[in-house]
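**Q** Residue numbers (my numbering), protein chains in the order written: chain L, 179 to 576; chain B, 127 to 212.
No lab work stands behind these hints, which were simulated from the structure alone. Note that the coordinates shown come from a computational prediction; the quantities given were computed from them, not determined experimentally. Please note: incorrect hints may appear among the correct ones.
In the DSSO-like style, the derived pairs of lysine-lysine whose C-alpha atoms are separated by at most 27 angstroms in a straight line are [stated by the list, open to error]:
#: 1; chain 1: L; residue 1: Lys379; chain 2: L; residue 2: Lys434
#: 2; chain 1: B; residue 1: Lys136; chain 2: L; residue 2: Lys371
#: 3; chain 1: L; residue 1: Lys453; chain 2: L; residue 2: Lys487
#: 4; chain 1: L; residue 1: Lys413; chain 2: L; residue 2: Lys490
#: 5; chain 1: B; residue 1: Lys182; chain 2: B; residue 2: Lys159
#: 6; chain 1: L; residue 1: Lys434; chain 2: L; residue 2: Lys226
#: 7; chain 1: L; residue 1: Lys379; chain 2: B; residue 2: Lys136
#: 8; chain 1: L; residue 1: Lys333; chain 2: B; residue 2: Lys144
#: 9; chain 1: L; residue 1: Lys434; chain 2: L; residue 2: Lys487
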Amino acid sequence: MKKYIEGSMAVAEAVTLCKPNVISAYPITPQTHIVEDLSQMYADGVFKGQFVNVESEFSAASVCLGASVTGARAYTATTSQGLLLMSEVLFNIAGMRLPIVLTCANRAISAPINIWTDHSDAMALRDSGFIQLYAENNQEAADLHYQAYKIAEDKSVRLPVMVNMDGFTLTHSFEPIDMPTQEEVDAFLPSYKPEHYLDVKHPMSFGSMVGEDGYMEVRHYLEEAMNNAMPVIEKVSKEFQQKFGRNYGIFIDTYKMEDAETVIVAMGSVIGTIKDSIDLMRKNGIKVGLMKVRTFRPFPKKAIADCLKNIKNVIVIDRASSVGAGGILAGEIRAAFYGNTTVPHVNSYIVGLGGRDITIKTITDIVGGFANVKVQDSQFVELDKKYMQFGEDYLKTV
Amino acid sequence: MSLNHGAILKAGSSINNKTGNWRNTKPVYKHDKCTGCTTCERICPEGVIYQEEKKKFNVDLDYCKGCGICAEECPVKDIDMVSEEK
Numbered sequence: 179m180k181k182y183i184e185g186s187m188a189v190a191e192a193v194t195l196c197k198p199n200v201i202s203a204y205p206i207t208p209q210t211h212i213v214e215d216l217s218q219m220y221a222d223g224v225f226k227g228q229f230v231n232v233e234s235e236f237s238a239a240s241v242c243l244g245a246s247v248t249g250a251r252a253y254t255a256t257t258s259q260g261l262l263l264m265s266e267v268l269f270n271i272a273g274m275r276l277p278i279v280l281t282c283a284n285r286a287i288s289a290p291i292n293i294w295t296d297h298s299d300a301m302a303l304r305d306s307g308f309i310q311l312y313a314e315n316n317q318e319a320a321d322l323h324y325q326a327y328k329i330a331e332d333k334s335v336r337l338p339v340m341v342n343m344d345g346f347t348l349t350h351s352f353e354p355i356d357m358p359t360q361e362e363v364d365a366f367l368p369s370y371k372p373e374h375y376l377d378v379k380h381p382m383s384f385g386s387m388v389g390e391d392g393y394m395e396v397r398h399y400l401e402e403a404m405n406n407a408m409p410v411i412e413k414v415s416k417e418f419q420q421k422f423g424r425n426y427g428i429f430i431d432t433y434k435m436e437d438a439e440t441v442i443v444a445m446g447s448v449i450g451t452i453k454d455s456i457d458l459m460r461k462n463g464i465k466v467g468l469m470k471v472r473t474f475r476p477f478p479k480k481a482i483a484d485c486l487k488n489i490k491n492v493i494v495i496d497r498a499s500s501v502g503a504g505g506i507l508a509g510e511i512r513a514a515f516y517g518n519t520t521v522p523h524v525n526s527y528i529v530g531l532g533g534r535d536i537t538i539k540t541i542t543d544i545v546g547g548f549a550n551v552k553v554q555d556s557q558f559v560e561l562d563k564k565y566m567q568f569g570e571d572y573l574k575t576v
Numbered sequence: 127m128s129l130n131h132g133a134i135l136k137a138g139s140s141i142n143n144k145t146g147n148w149r150n151t152k153p154v155y156k157h158d159k160c161t162g163c164t165t166c167e168r169i170c171p172e173g174v175i176y177q178e179e180k181k182k183f184n185v186d187l188d189y190c191k192g193c194g195i196c197a198e199e200c201p202v203k204d205i206d207m208v209s210e211e212k
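Let the hints inform the model, and build the full structure from the sequences given.
**A** Quick look at the structure:
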């Protein structure tokens, strides 16, 4: 049934339909509405599990870890500083192979303090062992949660999943969302049956110390699990399409790629703007297409290299930067071609940090200004000179 | 010891981690002035000091990390920390 609801409400309802046993989260902008809606559903008796109030994100993640090792299905949501505060626990959750689902309402990281969207938070956790999926719109954001638990709890995977949705742009915007019934979700997502869990009758030890003799092997299992997640993500996406009729691509999705000479690569809510820009540019005879990266971890090297192998120019739009190395998605896209004989020109653009609007003009300017030369450094797009006088004057004095 | 995917082990697994090889110096009991006060047994952070007789204690060197707290705290200095060289 279609409902006209806020993105956060759609996620809260989707999470409730997944029937987690334990939810623990701490409110932080722009994730707040998700937690607010979930706690309202808990108070109203719609959500029948446990809702544990905590005093910080570190505790929220710890409660989820503890709940998960007892065999419960656990859920949390956070963003930005909250995600960073959770980070120590998140690495543990992945290392202990606990299939927790976390919604990250993507937001910039301080300093300077900024509550608006970009991907810096999730990117800082890209090496944590969490599967990372990125939503383009609110329908996809909601739908990713049913899929996330199924992927996470698969016996060959058993990894936590981070569902990423851009703060405000998605979390606070209203769209008509198709919400499935409880019966439909139950038929798609069976209840969680872990192989190991804490039980006083059969004592187990989670997070045991493993010395130099076995640590590397356990970390290798983690890498292997990420590889195993590839076919599982594919299987789950296909089953989702069969049951619910919606398809977002598996690892990547494409738009107007036929005959394209230039392809824009991006993740998250900016995809919608890029599609509109492409429609406009195509009217003017510019052969441009789009590749959306939906699954960032595990990184779909093969799907990306196959998709872009005959493309001349690739423009990567990054909403985060690895300070000292530039666009993160761009770097990984370039690495995906390693060993290939034909390699496209991949230019890297940093856009929309801290909620800076990415307009159709931003995209058409990037494509229009794309020089047919290899530029190694990432370029910050649309820097506003009026904010840069002090900085430039200072540099002259040193 | 074979490890499963999350290094999830049956309870009591720390018995397998013989931490004795972390040690530089080992406690050696002189068994001379001991008054049987039990301080060393109580303050050992690893719980590897045990009582053999009324005024005689010893240490399980499989797990002793050689921190030296027992020697430091012994009121009659009946424990020496001795360098181990192989």
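**Q** Each of the hints needs a verdict: does it hold here or not?
**A** Evaluated hints:
no.	hint	result
1	L:Lys379 to L:Lys434	violated, 58 angstroms
2	B:Lys136 to L:Lys371	holds, 19 angstroms
3	L:Lys453 to L:Lys487	holds, 21 angstroms
4	L:Lys413 to L:Lys490	violated, 32 angstroms
5	B:Lys182 to B:Lys159	holds, 10 angstroms
6	L:Lys434 to L:Lys226	violated, 44 angstroms
7	L:Lys379 to B:Lys136	holds, 12 angstroms
8	L:Lys333 to B:Lys144	violated, 32 angstroms
9	L:Lys434 to L:Lys487	holds, 16 angstroms
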